Amino acid sequence: MLFSATSSILIVFFIIAFMLSEGWSAINLDFIFGLIWHPKTNEFGILPIIVSTVIVGVGAVFIALVIGIPCAIFLAEFAPNWVRNIIKPSVEMLVGVPSIVLGFFGLMLIVPFIRDNLGGRGECILAGWIILSIMTLPHVISISEDAIRAVPNSYREASLTLGATKWQTVRNITLPNAKSGILASLILGMGNAVGETMAVYMVIGNPNIPWIPTSILDSVRVLTSTIVMEYGYVAWGSQHQHALFAIGVVLFVLVAIINLMARYAIKRGMIER
Amino acid sequence: MTDLSRSEGRIFSDQYRTVQLSESKTVKDDVRMVKDKIDVRNLNLWFTDRHILQDLSLSIKSNSVTAIMGPSGCGKTTFIRAINRMNEIIEGCRTTGEVFLDGVNIYDEKINVFELRKKVGMVHQKPNPFPKSIFDNAAYGLRIHNMVNGKKLEKDVEQALREAALWDEVNDRLKESALRLSGGQQQRLCIARALAVKPEVILFDEPCSALDPTATAKIEGLIQRLKENYTVVIVTHNLQQAARVSDFVAFLYLGRLIEYGRTKDMFINPKNELTERYITGKFG
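Keeping their order, the protein sequence lines are chains A and B.
Here our numbering is used: the first residue of the first sequence is 1, the next is one more, and so on.
Here our numbering is used: the first residue of the second sequence is 1, the next is one more, and so on.
Please keep in mind that the hints were generated in silico from the structure rather than gathered at the bench.
Quick caveat, the model's predicted, so the values are computed rather than measured.
Warning: the hint list may mix true and false statements.
Stated by the list, open to error - Capping the alpha-carbon separation at 27 angstroms, the derived lysine-lysine pairs in DSS-like fashion look like this:
hint, chain 1, residue 1, chain 2, residue 2
1, B, K175, B, K218
2, B, K175, A, K267
3, A, K166, B, K110
4, A, K166, B, K35
All chains, full assembly: derive it from the sequences and hints.
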């Protein structure tokens, strides 16, 4: 029992210890803030990769917000039961689509579409945004919808009996009360987007020399895709290998910070209520 | 019974004054002379296939307190929610019949339901202030309807809080969260919130069931004063409360109106056997 209870703590602990022991020697200011990533000349600066990761993550969550929040409001407040019974399961099915399938879909459909209509290689930030927003959308929708539904019905009734319209009630009462839950859904979506590997890897291009993007049609590298593409040929015990582990550490810290933020947002919402 | 006999005289005198206010001088049957505010005719209501209200007809007098009594599940709450059309927010609700408010059928399709709900305010069973400041709670309806703003808004909020006998307790902390108030204060805030939009009718759905005796007494006193300016309909489980605050009583049983009349008549001399059994506590 004790072992089962503590196993997850132990596993997390061992992962952290392992990552740090392998990657610690590569982490320094030049690593975090260096602009050039060129393993052949032992230059390991990941700033362009961090910037790209943040841009891809934020953009994807933004798209998920623009589509997902109205969808959640519609499902929770306006949709009749039979409509909800159709939309909700389909949204949840989106969670079950394996990321490699989504990546394949992106590579075969979205990338050529961008290449033909907008120019560039097609494998770019925009393609990453679209694929990642599809992946984060179901989480954003279902968590936000739960948050909206959790607003006590007595508040809605009070507003309606004062002669407010449905929409006034949503705007003035329901959404302000659900905002911490909605915020948490976006932050968790961000964590997902930043940590996602395969689908992103397939559609964002991964240039040999990563740079800080200037256009949404630029090919970029993110933290996860860098590890995936270089781990296969890295020399055992080389500085390059340590640098890849260090990228893992950075990713781990980034996602952990994002999750802590989400946790804080949820907690604050509880206290307010 | 002491409660009852005490309230008797007051009900009678109140009734008498209301009658004298209205034009007639040769008053024989004072009930008939008081103006009808709400006239319910053949009201039927279904939730999906359950027939909740069955052919209700009654008229509610202006500037009076009408208590709706009856055992649990008899449709009391549904009945008052039919007066501000709040039942229709529930899926599967169907209504037939007419409810006239000042001679206008509120179930007419030309009626703006939001204006109707402004005219017919409601106070719920459990105090349900918004998790906002005291001021914002009282100002909510005024803001929603764009009725006033600026200095006038502050004045109207103050007036509503005074009318609900809450102003003296909260005037120095209007910015504080309404959730910090006690249950009774929260309920009076909900009353102020309803009064702020200047309704004509106020519906109370068991307003004291979640309150202690002191808070209950305050609300009951308030209801007595409110009828000077408003028409009050109150759902109550509590027979003593009905006797204390109401001028008229309607007794519902299983969705039907069993008896309706002046409170003192009904409590002293119920015409229907069911009513008698209910008010003597044989069932309930």
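Outcome of the hint check:
no. : hint            : verdict
1   : K175/B - K218/B : holds, 24 angstroms
2   : K175/B - K267/A : holds, 24 angstroms
3   : K166/A - K110/B : holds, 18 angstroms
4   : K166/A - K35/B  : violated, 34 angstroms
Violated hint for the displayed structure: number 4, the only one.
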